[in-house]
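Given chain Y's structure and the hints, the job is docking chain P onto it.
Residues per chain are reported as follows:
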Amino acid sequence: MNKSRTLPVIGAIAAVALTAVAGQALAQERVVNVYNWSDYIDDSILADFTKETGIKVVYDVFDSNEILETKLLAGGSGYDVVVPTGPFLARQIQAGVFQKLDKSKLTNINNVWPQIAERLSKYDPGNEYAVNYMWGTTGIGLNVDKIKAIAPDAPVDSLKMIFDPEWASKFKECGIYALDAPDETFAIALRYLGKDPDSKDPADLEAAGELWKEAAKNIRKFHSSEYINALANGDICLALGWSGDVLQAQARAEEAGNGVKIEYHIPTEGTYMWFDNLAVPADAKNVEEAHEFINYLLRPEVIAKASNYVAYANGNLASQQFLDKEVLENPAIYPPAEVVERLFTISPYDPKAQRVLTRVWTSVKTGT
Amino acid sequence: MADQSAARGPTWTKWLVVAVPYLWLLVFFLAPFVIIVKISLSQTAIAMPPYAPVFDGLATFWDNVRELSLENYVWLTDDPLYWRSYLSSLRIASLSTLMLLLIGYPIAYAMARAPKSIRPTLLMLVILPFWTSFLIRVYAWIGILKPEGLLTVALQGLGVLGPDEQVRIMNTETAVFIGIVYSYLPFMILPLYSALEKLDGTLLEAASDLGCPPVEAFWVITWPLSLPGVIAGCFLCFIPIMGEFVIPDLLGGSETLMIGRTLWNEFFSNRDWPVSSAVAVVLLVILVVPIMVFQNYQKKI
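Protein chains in written order, with our numbering: chain Y, 1 to 368; chain P, 1 to 301.
A few chain Y residues facing chain P, derived, Cβ under 10 Å:
| id | residue |
| --- | --- |
| 1 | L72 |
| 2 | R91 |
| 3 | Q92 |
| 4 | Q94 |
| 5 | D180 |
| 6 | I219 |
| 7 | N233 |
| 8 | W361 |
Honestly, the hints are just simulated from the structure, not real lab data. None of these values were measured; they are calculated from a predicted model. Idealized CB from N, CA, C, for every residue including glycine.
Bound-form chain P, shown alone:
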C-alpha cells in the first residue's frame, strides 16, 4: 500500500516529463505543419507575403476560412510533372537505400565482429567525415567526377582510359547515386552496427554446435535479430533522400528530376507558396505511410 502511494507521488513532475516531447512536437512539428496546410489552401498574390488570405485578425477569421480552397491540390493532379517528380524521387530513394544496405551491412558486420579494442576506432572512422561540412564533401565529388577530374586522371594513369578519353559521370544520375550513397552511408552503418553489436555470440556458437552451417546460421539468427537495425537504417536514409535537394542540384544533370528540385522551382521561380506548400504536404503524406508501416512492424518485433 505504502509503495503504491509513493509511486503515485508527485504526479505533476511525471506529467511534465511526459509533456516535454509532446510540447516539442506541438511547437516544432504540428504548428508549422498547420501553417503549411493553411498556405497550401490559399491563393498566390503579388504581395508580402505572396499569398492570400493571410489570417491577420480574429475578426475576419471565418471569412478567411471560407476563402480557402483545394484548388492547388487539384492542380497537382492535373500536371504529370508532379507525379513524375514524386515517382522519380521514390525510385532514386529506394534504389539508393538498397545500395546503402548492401554496402553498409557488411561494413557494420565486420565492425561488430572486430576485436573489442579497435571497435571505437572503427566507429570513429565512420563518424569522421561529419567533421567536414556536408557541402564541401559533395563539392569534393565534383572534383573527382568531372571530366578532367581526379578519376579521369587516375584511370588515365592506370592505362584504363586513353589520353583523350574522359569519364562522363558528372551531371548524370550515376553521379547523384554516388553522392547519395557516399553521404548517407554513416546513417545506414550506425544503426546496423548497434543492432549487430548487441547480438549474443553464444547463439551462433549454439547453432554451430547443433550443426548449423554458418551461412544458414546468418539467415536464421543474425539477420532476423538485426532487422530492427536494418529498418531503422533504411528509414533514416530513405526519408531524407526522398526530399534531397543539394546532391541532385550539385551533381545531377538538368534531367535529374526530384521532388526537392520541383519544390524549389515552385517556391523560388514561381513564387507560388501555395502550390509549393501543397507539394510539401503531399510529400509528407507519402512519407508518413511508410513510417506507419515501420512502426507497426516494430510493435510486432
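Same shape as in the complex, but just chain Y:
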C-alpha cells in the first residue's frame, strides 16, 4: 500500500530467509520477530529498544500487502508483529489471522490520536486487534520545472492531471507513472467520477475501469515503487503515488543535487487515506515481547523519531510535540483539517468483487 523500494520477488526471498533464521533464534534469549514495510523505521529505534529491554529484534521487511497477506494466510509465518494496511487488516481479522491486543500491557495506549483510531475502527471495529503505526495519502507527485515548461497553467492540485486526457496527453511524452494497487486506484477513479469511492458494484468498477483505460493511454508504467527513482532522476513528469514515497523522491533529488524539484500534492477532489497498523498474529510465539515492542512504539518520543525519519504521519497525538517542524508543518505529511475532511477510506473487497477488480485492472494495464 505504501512503501516499496525493492521488488516483490526480493521481498519474498528475504522473507523466506528470515523465517529460517527466526526459527533458530527462538531458543534462549528473548526475541521479537518484526515484519514491517521496507525503509519504514529509524534503525536506532530498534537498537534502543534492545538496549532498554534486552529483547532482540529480528527485523524483516516486505514491500507489498499481498506478500504479507499470503504468508499470514498460509500460517506459521513465525512473525510476532506485522504491519498490514487497513482493508487487508480487516480481511485478515475476519480470516482469524490475528489475536486481540492485551490493552493492559499497552500502558502507552492513551497517546493514540482519537481521530485516527476512529478512522481505523472502520477496519478493526473497537480497535481490538491493531494500533496505527503510520498513515498517509495517495496523491500526485510531480516534477515542478518540467510541468511548468510544458503547461504553466496545469491543474497540479487535481486528478485531472491523470484522468483528463486533455492534460494527461500533454505530459505523456515526458512520462506518467501510476501505482499498481487496484483497490486504491479504483477508489480514486470512483471519487473522480463523483461516485462512492467505496462502491463494490461491478457496474461502478467497470466505469472506473473505463476511466483508467482512457488514462492508461498516457501512462508509461503501472508500478508501485519505480516512480520514486524515476521522479528523483527527472525521468518522468508525473506520478500517482504514496505521499511519503514522493517526499523521499524529493529528498533524493535534493541529495543528488541534480536540480530536479519534486512536489507532492493532495488532490482537491479528495483522495484515499491509508493506515499501516501494528498487529500480532494469532500463532505468534513471543506474544509478551510483541506487546512490549508495540508499547515501545507507542511512546511519543519514539514514534516521533520514526516519523521524522520516514516523513510519514503517525497515529500518535502526543508525539506531535517531538516532531521536527518540517514534518509537522508540511501539509503533504500532516494535511490541514479541511483537507483531511476530503480524505476517504475504503472497506475490503469480497472475493467476487476482488476478482472483477483484478480482472478489469489487468485489462487496463495490458491495454486490452
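Then chain P, alone, in the frame of chain Y:
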C-alpha cells in the same frame, strides 16, 4: 550358471538404487502436484488457509471429496485473459528459444572446434555469469536499457543518437526478449557444446575425402548428430521461459502478458489459491505434451 546367480545376488541393494529416483519424484513432484490439484478443485474462503475444504481429518475425508468441483477449470475457459496469457507465453518462449538456438549454435560450434587447450577456458567463460546472482544481472540490464542508461550514452557518444534522443527499449517486449536470451544462453550453449564436442571429426574428414562440400557436410553429418543437444537445449530453455516471472516483471512493460504474471495476480492480488492452482495445473499439462514428444523423439534416435 555361477555368473547368473552372482548377478541376481543382493537384489535389495539393486532395488534401493532404483527406488531412490522414484522416491525423489514421489516426494518432490507427485505429492506437491496432488496437493495443487486438490486445491485447484476447492473453493476460496476468507480463512487460514484461504480455501475450503482443507482435508483436516480422515473422518470427513469423503465429505470433503464430494465438495470438490471443476468450477475453477470452467472459469479458466470463460475468461479469454488466461488463454491470451498462455498464448503470449508460448509465443515469447518459442521466439526466444529460436533466437537462443540461432545465437547459441555458432558459439557452441566455435567452442567445440577450438583447440583442446583453450576449451576449458571458453567453457568457464560461459558459466562465469552464474557467479553473480541472476537478479543482479537482470537489474544490470535495467541500467543498460533505461532511457538515460548506458546504451543511450554509448549511442550518443558514437553519434548514432542526437543529444536529445534516447533509446526506448526499457519496459517493452524487446527488453523482455533481450533479458531472456541473455539469461538463458548458457543453458542453450552447454548441451549443444557437449553434443558437438563428442562429434567424431573423422566423419567430416571422410565426407571431405569423398568430395562433400563443407556446407553440405554440416547438414548431412554435424546437424543430425548434434540434434540431441539441440533438443535438450531447446527444452532446457523453453520450459522455464514459459513460466518466467522475474524477467517480464523487471524489464517488461505493463502490457507484457505472461502466464507467470497472471499466476502471481491470482495468487497474491486475488488470494485465489484454487484458481491459481488450476492455472498452474493447466500450465503443467501444456508443458508435459512437448516433453512427451521430446522423449518419444529421443527413443527414436
